[in-house]
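As you go down the protein sequences, you meet chains A, B and C in turn. Numbering follows our numbering, with no gaps: position 45 of the first sequence is 45. Numbering follows our numbering, with no gaps: position 80 of the second sequence is 80. Numbering follows our numbering, with no gaps: position 197 of the third sequence is 197.
The set of hints was computed from the structure by calculation and includes no laboratory data. Ideal Cβ placement from N, Cα and C applies to all residues, glycine included. Errors might be hidden in some of the hints.
As the list claims (entries may be wrong) - The following label-pair restraints were derived from C-beta to C-beta distances:
no. : chain 1 : residue 1 : chain 2 : residue 2 : range
1   : B       : Arg-84    : A       : Glu-14    : 32 to 40 Å
2   : A       : Gln-98    : C       : Gln-186   : 23 to 31 Å
3   : C       : Ala-263   : A       : Gly-54    : 40 to 48 Å
4   : B       : Val-30    : C       : Ser-261   : 30 to 38 Å
5   : A       : Gln-98    : C       : Ala-171   : 46 to 54 Å
6   : C       : Pro-160   : B       : Ala-145   : 23 to 31 Å
7   : B       : Gly-118   : A       : Glu-14    : 38 to 46 Å
8   : B       : Arg-51    : C       : Ala-263   : 27 to 35 Å
9   : C       : Glu-93    : A       : Gly-54    : 21 to 29 Å
10  : C       : Pro-160   : B       : Arg-148   : 25 to 33 Å
Stated by the list, open to error - Once the Cα atoms are required to be at most 20 Å apart in a straight line, the calculated SDA-like pairs of lysine to any residue come out as:
no. : chain 1 : residue 1 : chain 2 : residue 2
11  : B       : Lys-119   : B       : Arg-74
12  : C       : Lys-40    : B       : Gly-87
13  : C       : Lys-40    : B       : Phe-123
14  : C       : Lys-40    : A       : Gly-39
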Amino acid sequence: MKLLHLRVNGAQVEREVPDNRLLLDFLRDDLGLTGTKEGCSVGVCGACTVLLDGRPISSCLALAVFADGCEVTTVEGLERDGALDPLQRAFIDCGGFQCGICTPGQLIAARALLNEHPQPSNDEIRAWMMGNLCRCTGYYKIVESIRAVADGTVRA
Amino acid sequence: MKIEQRCTVPVAREPLWRFLMDVPAMAGCVPGVEKVEPRGDNRYEGRMKVRVGPIALTLDGAMAVREQDDAGYRAAVDAEANDRRVGGGVHVNAQMSLRELAPGETELVVTTDARLLGKLGEFGQPVIRKKADTMMAEFARNVAARFRE
Amino acid sequence: MNAFEYLEPATVDEALAILAEHGDDARPIAGGTALVNLMKQRLVQPAYLVGLRRLTDLSTIAANGELRLGALCTHHELEISPHIQRAAPVLSEMLRRVANIRVRSMATIGGALAHADPNQDPPPVLIALDARVVVGSRGGERDLQVEALFTGYYETALAPGELITRIVIPAQPAASGAAFTKMLPQTQDDYATVSAAARLTVDGERIADARVAAGSVGETPLRLRAVERALVGQVAAPAILRDAATLAGDEVDPLSDIRGSAAYKRAVAAVIVRRTLEQALARARAGAPA
Numbered sequence: 001m002k003l004l005h006l007r008v009n010g011a012q013v014e015r016e017v018p019d020n021r022l023l024l025d026f027l028r029d030d031l032g033l034t035g036t037k038e039g040c041s042v043g044v045c046g047a048c049t050v051l052l053d054g055r056p057i058s059s060c061l062a063l064a065v066f067a068d069g070c071e072v073t074t075v076e077g078l079e080r081d082g083a084l085d086p087l088q089r090a091f092i093d094c095g096g097f098q099c100g101i102c103t104p105g106q107l108i109a110a111r112a113l114l115n116e117h118p119q120p121s122n123d124e125i126r127a128w129m130m131g132n133l134c135r136c137t138g139y140y141k142i143v144e145s146i147r148a149v150a151d152g153t154v155r156a
Numbered sequence: 001m002k003i004e005q006r007c008t009v010p011v012a013r014e015p016l017w018r019f020l021m022d023v024p025a026m027a028g029c030v031p032g033v034e035k036v037e038p039r040g041d042n043r044y045e046g047r048m049k050v051r052v053g054p055i056a057l058t059l060d061g062a063m064a065v066r067e068q069d070d071a072g073y074r075a076a077v078d079a080e081a082n083d084r085r086v087g088g089g090v091h092v093n094a095q096m097s098l099r100e101l102a103p104g105e106t107e108l109v110v111t112t113d114a115r116l117l118g119k120l121g122e123f124g125q126p127v128i129r130k131k132a133d134t135m136m137a138e139f140a141r142n143v144a145a146r147f148r149e
Numbered sequence: 001m002n003a004f005e006y007l008e009p010a011t012v013d014e015a016l017a018i019l020a021e022h023g024d025d026a027r028p029i030a031g032g033t034a035l036v037n038l039m040k041q042r043l044v045q046p047a048y049l050v051g052l053r054r055l056t057d058l059s060t061i062a063a064n065g066e067l068r069l070g071a072l073c074t075h076h077e078l079e080i081s082p083h084i085q086r087a088a089p090v091l092s093e094m095l096r097r098v099a100n101i102r103v104r105s106m107a108t109i110g111g112a113l114a115h116a117d118p119n120q121d122p123p124p125v126l127i128a129l130d131a132r133v134v135v136g137s138r139g140g141e142r143d144l145q146v147e148a149l150f151t152g153y154y155e156t157a158l159a160p161g162e163l164i165t166r167i168v169i170p171a172q173p174a175a176s177g178a179a180f181t182k183m184l185p186q187t188q189d190d191y192a193t194v195s196a197a198a199r200l201t202v203d204g205e206r207i208a209d210a211r212v213a214a215g216s217v218g219e220t221p222l223r224l225r226a227v228e229r230a231l232v233g234q235v236a237a238p239a240i241l242r243d244a245a246t247l248a249g250d251e252v253d254p255l256s257d258i259r260g261s262a263a264y265k266r267a268v269a270a271v272i273v274r275r276t277l278e279q280a281l282a283r284a285r286a287g288a289p290a
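Next up, chain A with everything else stripped away, as it sits in the complex:
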C-alpha cells in the first residue's frame, strides 16, 4: 500500500492505494471520477486519456503510484469556475460527439494539443489526435471542433 499525495483537477487529494492499482481505476473507483472511460484496456483507443502534469497519457497503462506528487486533469477538470472549456463548447456546437464514450479522452487529448500548439494546422491536429479512436463521428467534427477553438470562432 502507498499513501498518495496529489492534485486532481486542482484539488488536493490524499489516498492510500495498493501498489498495483491502475491510475484509471483509482480515478474512477476510488475518487468517483467516472468521466474517464476504459475502452480497450491496452492503451490503444484513448478513451482513458488523462493529463499527468500536463502530458496526455493512457491511464489504463499507468500505475496510480506514478501520479504521486503530480497534477492529474480529467474531463471533469476542464471547466473553470463553472464555465466550460472552449473545447467542450466547440464539441457541443460543432457536433464533435455522438454517443460520447470517446469524448472525455478526445477533449483531454485536444486540450493537451492546444496547450502545446495553440495554432495547429489541420494535419497537426489529425496527427496528434490519431490515437483517440471514435466509432461514431468519422472524426471530421472532432477536427472541426478543435479547429474552431484554435481559430477563436467558438461562442463564449
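Given chain A, put chains B and C in place with the hints provided.
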C-alpha cells in the same frame, strides 16, 4: 503446431540411445529442467523453466514414454505441462529417432505436435519455433558435453 | 496484475543497489507502457517493481558535438528537441511516428531499448547513426553499441542489475545523409511491417560509408552488412542502390505474424531498403545533415 528438429551429436548411436531412454539423466540436459521424478510405468513428473524475453514461464507437468523400440531406435513421448500463474499450458506428442551418420556420430530427429493452450497460445508460432530450435541446440551441446566427461 | 511492492529510488545509485539486491525478483519500470500491458496479462509477475521516474539526472539532453540523451527522456521530449532536430533530424522524424501521443508522452527511449521488441522503430535508426548506450550497474559503467544490445527476441545483453543510463549519438559525418522508412499498411499507430534506416556518406561520386539497419525483420533489429558491403566504394548510382537493396531479402529473417508472412516481409524489405537508400543519398548530396 508441428515442429521438426534435427541435431547431430558426436556420440555413437547405441550409447546415445541408452542415455536418451534414461529419462532422469536425459532430462538433465534439457535447458530449464529443474526436477524430474519417476512415477512408475514410464511416467515422470517435473518442472521446467523457460524464458522468452521478460516472460518467465514455470511449466509443471508430466510426461510418459508411450512407445519404445530399442531395436529401431525410435520412441514416442507424450507430455503436458502448464504454468498456473501465467495461465497457459502445452500438450505435446513427440516422435524421436536416431540415425547413425558415422561410427561416432548420430543424428537425433524429433517431430513434435504441440498444442499451446491459454496464454501460451498467444505467442506467435515463429517465436515458439525459434525457442524450440535454441533449446534443441543447447540440448545437443549438453549431451555432447556429458559424454565427454 | 499480481501484487508487487513498488519501490521508488531517489538516485541512480539507489536504483542500482535495489536491482542488485533483488535480482530476478525485481524489474525496473520507466514509462511502463510496455511493461504494464505485460503485467496486466500476467505474463510478467515481479515481486518488486523499481520505479525510475525520480531519476531526473537521466532525463536530460546534452548536445556538444555528440548528442547525449538521458535514458529516461520520453519519446515526445526527444521528438520536439531542437538539439535533435538540428543534429540528427532523422531521429525526430522517426520518433514522431512511434505509436500515439500518449505512448510517446510516457515511454522512454531507454525503456524501449531495454524492452527489445524487435518491431520497434528507434533501434534501426540508432544503429544507422552509430549510436551506443551507456549501461550502469553497481560495478560501474560500460558502453555498448546499440547493434550489440539486442541478443534475441525481447532479450538484451543487459545483465541483471544493469540499467541503460544514456544513449550517445556521435557527431554525424559531413557529407552524410540519413533516412528512415516505416512500412505501415494498416493503422498509423501500429508497429512497422518492415522498417529500414540508412546513413550514407558520399565522397564525390562514390559512397564512402554506409550504415544500413532494418526493424521488424527478425528476432532483433538487424544491421544489413551485406547491403553495406555492396555500397561502400561504389559509384552512387540508382542501379547500385537497387542491387544492394536486393541483398536485404536474404539478410533478413522475418517472423510471420498478423502484419505479414515471412515471405512477404522478405520481399518488401528489399523495396523498403531501396527507398531508404535513395532518400539517404539525396540528403547526403543536398548537404543536409543526417
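To see whether the hints hold, each was checked on the structure:
1. Checked against the hint of 32 to 40 Å, the C-beta distance between Arg-84 (chain B) and Glu-14 (chain A) comes to roughly 38 Å, which is consistent with it.
2. Under the hint 23 to 31 Å, the C-beta atoms of Gln-98 (chain A) and Gln-186 (chain C), about 25 Å apart, fit the expected range.
3. The supplied range of 40 to 48 Å is met by Ala-263 (chain C) and Gly-54 (chain A), whose beta-carbon atoms lie about 46 Å from each other.
4. Val-30 (chain B) and Ser-261 (chain C) have their C-beta atoms about 31 Å apart, which keeps the hinted 30 to 38 Å range intact.
5. Between Gln-98 (chain A) and Ala-171 (chain C), the C-beta spacing of about 52 Å keeps the proposed range 46 to 54 Å intact.
6. Roughly 25 Å separates the CB atoms of Pro-160 (chain C) and Ala-145 (chain B), a value that falls within the hinted 23 to 31 Å.
7. Distance hint for Gly-118 (chain B) and Glu-14 (chain A): a CB-CB separation of about 40 Å, consistent with the stated range 38 to 46 Å.
8. The supplied range of 27 to 35 Å is met by Arg-51 (chain B) and Ala-263 (chain C), whose beta-carbon atoms lie about 29 Å from each other.
9. Judged by the Cβ atoms, the range 21 to 29 Å given for Glu-93 (chain C) and Gly-54 (chain A) holds: they are separated by roughly 25 Å.
10. In this structure the hint that Pro-160 (chain C) and Arg-148 (chain B) lie 25 to 33 Å apart at CB holds, the actual value being about 30 Å.
11. Among the hinted pairs, Lys-119 (chain B) with Arg-74 (chain B) is inconsistent with the structure: their alpha-carbon atoms are about 32 Å apart, more than 20 Å.
12. The suggested pairing of Lys-40 (chain C) with Gly-87 (chain B) holds, with an alpha-carbon distance near 12 Å, which does not exceed 20 Å.
13. Between Lys-40 (chain C) and Phe-123 (chain B), the direct Cα distance comes to roughly 16 Å. Compliance with the 20 Å bound is thereby established for this hinted pair.
14. With a CA separation close to 15 Å, the supplied pair Lys-40 (chain C) and Gly-39 (chain A) stays within the 20 Å bound.
In this structure, only the earlier hint numbered 11 is contradicted, and the remaining ones agree with it.
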